[in-house]
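Input sequences plus hints: build the corresponding full structure.
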Amino acid sequence: MRRKRTTGASREPTPARGTLVHVSYDSPAARELTRALHAEQRATYGRADDPEATEPAEFAPPKGAFLVVVRPDGAALACGGWRTAAGATAEIKRMYVSPAARGHSLGSHVLAALESDARSHGMTRVILETGVRNLAALALYTRRGYAPIAPYVAGRDPRVNRALGKPLVAGG
1 MRRKRTTGAS REPTPARGTL VHVSYDSPAA RELTRALHAE QRATYGRADD
51 PEATEPAEFA PPKGAFLVVV RPDGAALACG GWRTAAGATA EIKRMYVSPA
101 ARGHSLGSHV LAALESDARS HGMTRVILET GVRNLAALAL YTRRGYAPIA
151 PYVAGRDPRV NRALGKPLVA GG
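Quick note: the sequence shown, position 13, residue 13 per our numbering, numbers continuous.
Hints were generated in silico from the structure; no laboratory data involved. Ideal Cβ placement from N, Cα and C applies to all residues, glycine included. Mixed in with the good hints, there may be bad ones.
With a straight-line Cα cutoff of 20 Å, these simulated EDC-like cross-link-like pairs (lysine to aspartate or glutamate) come out [stated by the list, open to error]:
{"id": "1", "residue 1": "K63", "residue 2": "E40"}
{"id": "2", "residue 1": "K63", "residue 2": "E52"}
{"id": "3", "residue 1": "K63", "residue 2": "E129"}
{"id": "4", "residue 1": "K63", "residue 2": "D26"}
Ranges between beta-carbon positions, derived for each pair [claimed, not checked]:
{"id": "5", "residue 1": "A154", "residue 2": "A75", "range": "17 to 27 Å"}
{"id": "6", "residue 1": "E58", "residue 2": "E32", "range": "11 to 21 Å"}
{"id": "7", "residue 1": "R71", "residue 2": "S24", "range": "11 to 21 Å"}
{"id": "8", "residue 1": "R47", "residue 2": "A139", "range": "32 to 42 Å"}
{"id": "9", "residue 1": "A139", "residue 2": "R159", "range": "14 to 24 Å"}
{"id": "10", "residue 1": "A60", "residue 2": "G87", "range": "10 to 20 Å"}
{"id": "11", "residue 1": "R156", "residue 2": "R71", "range": "33 to 43 Å"}
{"id": "12", "residue 1": "N161", "residue 2": "P72", "range": "32 to 42 Å"}
{"id": "13", "residue 1": "A112", "residue 2": "G87", "range": "14 to 24 Å"}
{"id": "14", "residue 1": "Y45", "residue 2": "A170", "range": "30 to 40 Å"}
Structure, rendered in structure tokens:
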């Protein structure tokens, strides 16, 4: 798909008739979706990292990006970001698709765009964490070539969290 730049934002049509837009992590659309993610994680696991404790600069180019899928009416449907973890390794964070938008491949679309963006900024590897109860996310990451890696966040319970990674290769 072709990407357009409009006043610093990248817009790309998605399968669910939304537009993929680069936004600031503290934008209203990003905050809406990351708060929903936080609430869902707390309901599922009893705890979750507070997304508002993350500095927006962590997802700012050239060391990161945050993407949101929005409908023409402005409704935010899905999000995700990447930030530089160390060296040429990017970490995918805050992947979320609103319940009403699930089943339209938005998660796959956002993930592919994040990988492409990270690759274009010189990243050669990507890592992420997801919860063991999030079967849809685990299936998505497996389909996209992610494999288990050693935990990379201190204090994470491997009975609750899964660390995954994959190399970023040209065109993939």
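Now for the hints, and whether the structure bears them out:
1. K63 / E40: Judged against 20 Å, a Cα distance of about 28 Å means the pair is violated.
2. K63 / E52: holds, 19 Å
3. K63 / E129: holds, 19 Å
4. K63 / D26: holds, 16 Å
5. A154 / A75: 17 to 27 Å: violated, 37 Å
6. E58 / E32: 11 to 21 Å: For E32 against E58, whose Cβ atoms are near 19 Å apart, the range 11 to 21 Å holds.
7. R71 / S24: 11 to 21 Å: holds, 19 Å
8. R47 / A139: 32 to 42 Å: violated, 24 Å
9. A139 / R159: 14 to 24 Å: Holds: the Cβ-Cβ distance is about 19 Å, inside 14 to 24 Å.
10. A60 / G87: 10 to 20 Å: Once the Cβ atoms are compared, 18 Å apart, the range 10 to 20 Å for G87 and A60 holds.
11. R156 / R71: 33 to 43 Å: holds, 35 Å
12. N161 / P72: 32 to 42 Å: About 36 Å separates the Cβ atoms of N161 and P72, which means 32 to 42 Å holds.
13. A112 / G87: 14 to 24 Å: holds, 23 Å
14. Y45 / A170: 30 to 40 Å: The hint (30 to 40 Å, Cβ to Cβ) holds, given that Y45 and A170 are roughly 36 Å apart.
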